[in-house]
Amino acid sequence: GAVVSQHPSRVICKSGTSVKIECRSLDFQATTMFWYRQFPKQSLMLMATSNEGSKATYEQGVEKDKFLINHASLTLSTLTVTSAHPEDSSFYICSAKGQLLVEQYFGPGTRLTVT
Amino acid sequence: SQQGEEDPQALSIQEGENATMNCSYKTSINNLQWYRQNSGRGLVHLILIRSNEREKHSGRLRVTLDTSKKSSSLLITASRAADTASYFCATDESGGYNKLIFGAGTRLAVHP
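Taken in sequence, the protein lines are chains A and B.
By our numbering, the letter at position 18 of the first sequence is numbered 18, and the numbering carries on one by one without gaps.
By our numbering, the letter at position 93 of the second sequence is numbered 93, and the numbering carries on one by one without gaps.
Check the hints yourself; a few may be wrong.
[As the list claims (entries may be wrong)] Listed next, with one range per pair, are the computed distances between beta-carbon atoms: (1) Pro-86/A / Ser-51/B: 38 to 44 angstroms; (2) Gly-59/B / Glu-87/A: 38 to 44 angstroms; (3) Thr-80/A / Arg-41/B: 20 to 26 angstroms; (4) Thr-57/A / Ala-10/B: 32 to 38 angstroms; (5) Gln-9/B / Gly-61/A: 21 to 27 angstroms; (6) Thr-67/B / Lys-14/A: 47 to 53 angstroms; (7) Ala-78/B / Cys-13/A: 40 to 46 angstroms; (8) Ser-9/A / Ala-78/B: 31 to 37 angstroms; (9) Pro-86/A / Asn-38/B: 23 to 29 angstroms; (10) Thr-57/A / Glu-5/B: 20 to 26 angstroms.
[Stated by the list, open to error] Below are the BS3-like pairs computed for lysine-lysine, each with C-alpha atoms no more than 30 angstroms apart in a straight line: (11) Lys-70/B / Lys-99/B; (12) Lys-41/A / Lys-64/A; (13) Lys-66/A / Lys-14/A; (14) Lys-55/A / Lys-14/A; (15) Lys-55/A / Lys-56/B; (16) Lys-56/B / Lys-69/B; (17) Lys-99/B / Lys-64/A; (18) Lys-55/A / Lys-26/B; (19) Lys-69/B / Lys-55/A; (20) Lys-56/B / Lys-14/A; (21) Lys-69/B / Lys-66/A; (22) Lys-41/A / Lys-70/B; (23) Lys-26/B / Lys-56/B; (24) Lys-26/B / Lys-41/A; (25) Lys-20/A / Lys-99/B.
[To be verified] If you want the footprint, here are the derived chain A segments under chain B, 3+ residues with CB under 8 angstroms: (26) 7-17; (27) 34-45; (28) 101-111.
To be clear, the hints were calculated from the coordinates, so they are not data collected in a lab.
Computed from a predicted model, the values in this text were never measured in an experiment.
All C-beta atoms in this analysis are idealised placements derived from N, C-alpha and C, irrespective of residue type, glycine included.
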């Protein structure tokens, strides 16, 4: 199956700083990428959908100025958590979908801890 | 927002027993997918069932879909300790640009 990577796998940052998470599709062109957030023992919540070359579409309640998403190429999307606070600590997971693919392929996730 | 509800929230069984998890959803869908997640890890795609399908098998997994009741079930037969994980259903909504809406999940514990 298709492979999606995320970097970093874990990151610890101080409150007030910004953190960038990368999501890459390694063996296919991802026309659409999705970003999810998962709090402990909870389900995945979709944050935003990004199509290559266009602005991301954010779900209700997700601050677009706080969670900056860039999908500049067909293999890379980035999520930047700006001015991170402890309540932003979570597991962030991306997924990618190719134009001709029905399934989404998920990355391994990034655990963010804000101290 | 979450659209799916899953039950049970937690399930504890012995090795060799079957495990059944149920998922309900609210809107029209293109397909429904089941995923497994080991603690603190990424998602593993298990099976996809399209809206015009009623049942699908993959190894020890059997998935059913009832679009009239907007529900699906995942059956794991002859469970093993390695099946211990959280299981999520996710719906691909009709007209929803392929975004997946996840259910709350079922935490399955299989005891040796």
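Original post:
In ascending order, which of the hints set out earlier in this document are inconsistent with the structure?
Top reply: 15, 19, 20, 21, 26
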